[in-house]
Amino acid sequence: MNTAAKTMELALIARVLAGESELFHELIRPYERLVYVTIFAILKNETEAEDGAQETMISAFRNLKSFRGEAKFSTWLVTIAMNEARKRLRKVKTAAENSLDESTGQGDGDFTPAVLTDWREIPLEALERKELKEKLRESVAMLPEKYREVFVLRDIEELNQEETAAALGINVTLVKVRLHRARMMLQKLLVPYLKSQAPAREGFFRRWFQ
Amino acid sequence: MNLECNQVWEHISGYLDKQLDADLLAAVKKHLESCEVCSAVLDSTRNILVLTADDRTYELPVGYSNRLHARLEAVIKTRSG
Numbered sequence: 003m004n005t006a007a008k009t010m011e012l013a014l015i016a017r018v019l020a021g022e023s024e025l026f027h028e029l030i031r032p033y034e035r036l037v038y039v040t041i042f043a044i045l046k047n048e049t050e051a052e053d054g055a056q057e058t059m060i061s062a063f064r065n066l067k068s069f070r071g072e073a074k075f076s077t078w079l080v081t082i083a084m085n086e087a088r089k090r091l092r093k094v095k096t097a098a099e100n101s102l103d104e105s106t107g108q109g110d111g112d113f114t115p116a117v118l119t120d121w122r123e124i125p126l127e128a129l130e131r132k133e134l135k136e137k138l139r140e141s142v143a144m145l146p147e148k149y150r151e152v153f154v155l156r157d158i159e160e161l162n163q164e165e166t167a168a169a170l171g172i173n174v175t176l177v178k179v180r181l182h183r184a185r186m187m188l189q190k191l192l193v194p195y196l197k198s199q200a201p202a203r204e205g206f207f208r209r210w211f212q
Numbered sequence: 004m005n006l007e008c009n010q011v012w013e014h015i016s017g018y019l020d021k022q023l024d025a026d027l028l029a030a031v032k033k034h035l036e037s038c039e040v041c042s043a044v045l046d047s048t049r050n051i052l053v054l055t056a057d058d059r060t061y062e063l064p065v066g067y068s069n070r071l072h073a074r075l076e077a078v079i080k081t082r083s084g
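Residue numbers (the working numbering), protein chains in the order written: chain A, 3 to 212; chain B, 4 to 84.
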């Protein structure tokens, strides 16, 4: 968000606080997706995610006066959304949480990716992209919570390292370490389904090419 | 500097995020040029991230926005009313 947009957003917040409550609708409109997807990616349950997103926005409205301008409004919202997701996760507490053994690696940097020897081979039955997306959502939901949270904020919501660290209350080094581990866990989980995917085109998703 | 495969894997994320310093980046690139296994690990990880960032991977439920604003409206009304 550029400076002008941020100034406008702060002005909008001030007006809501000064009594023009209706403007809250406009204030949160750009972040509807951010809040829902954050919670959904953590919980992988549409109903819970939608309810959680509503609760997040209501909570943001009620506590708007505690928002401090030094943080980004989006980061502040994400923090509330993450707490909402955690609260709901405690209630659901899926068996999937324990399906990935965290204790196999001694340190956070210790891992072995899935190594493909037949990477160039295209399997006869290519998976539909739709199925691959579902596999991805499932796999994200299977990650141990601390890795999942970082992955959701960095790679789904595309928050930067500092914002992610702020939203989760951890330091940037830990963000990097957990993100790397999350990605490698996903790589391992998804490689069997990725083989049919041609490498993405350079230019279209420039962020991932150098 | 010559890197082993497992050393390269430790830097896949840093490589994709363009956070490796020049020397390390050169070493990783050199290894990738000659190692099909590590190239495959890199490609597959990158494909996962491309897929992750695709808006169609995580879609909003139909009517989500309307329901959200309706519920907010009820809260806002109660408060100001």
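Hints in this document: simulated from the structure, not taken from any laboratory. Beta carbons: idealized from backbone N, C-alpha and C, even for Gly. Just so you know, not all the hints are guaranteed correct.
Claimed, not checked - Residues from chain A shown here face chain B by an in silico Cβ test under 10 Å; the list is partial:
| id | residue |
| --- | --- |
| 1 | HIS27 |
| 2 | ARG31 |
| 3 | VAL37 |
| 4 | TYR38 |
| 5 | ALA51 |
| 6 | PHE63 |
| 7 | ARG64 |
| 8 | LYS67 |
| 9 | LYS178 |
| 10 | MET186 |
- request: Mind checking the CB of VAL37 (chain A) against every CB in chain B and telling me if the closest is under 10 Å?
  value: holds (9 Å)
field: Given hint PHE63 (chain A) near chain B, where the shortest CB pair must fall under 10 Å
entry: The hint holds - PHE63 (chain A) has a Cβ within 10 Å of chain B, the shortest such distance being about 6 Å.
task: May I ask you to test the interface hint for MET186 (chain A) with respect to chain B, counting a Cβ-Cβ separation under 10 Å as satisfied?
output: holds (7 Å)
- prompt: Holds or violated: ALA51 (chain A) as interface residue toward chain B, Cβ cutoff 10 Å?
  reply: holds (8 Å)
task: Against chain B, run the beta carbon of ARG31 (chain A) and see if the smallest gap drops under 10 Å.
output: Holds. Min distance 8 Å.
Restraint check, 10 Å cut-off on beta carbons, for LYS178 (chain A) near chain B: holds (7 Å)
- prompt: Minimum Cβ distance from ARG64 (chain A) to chain B below 10 Å?
  reply: holds (8 Å)
- request: Tell me if TYR38 (chain A) is really an interface residue toward chain B, meaning its C-beta lies closer than 10 Å to one of theirs.
  value: holds (6 Å)
message: Can you verify the interface hint for LYS67 (chain A): is its Cβ closer than 10 Å to any Cβ in chain B?
response: violated (12 Å)
- prompt: Per the CB criterion, is HIS27 (chain A) less than 10 Å away from chain B?
  reply: Holds, because the Cβ-Cβ distance from HIS27 (chain A) to chain B comes to roughly 6 Å (cut-off 10 Å).
In summary, the one numbered hint that this structure violates is 8.
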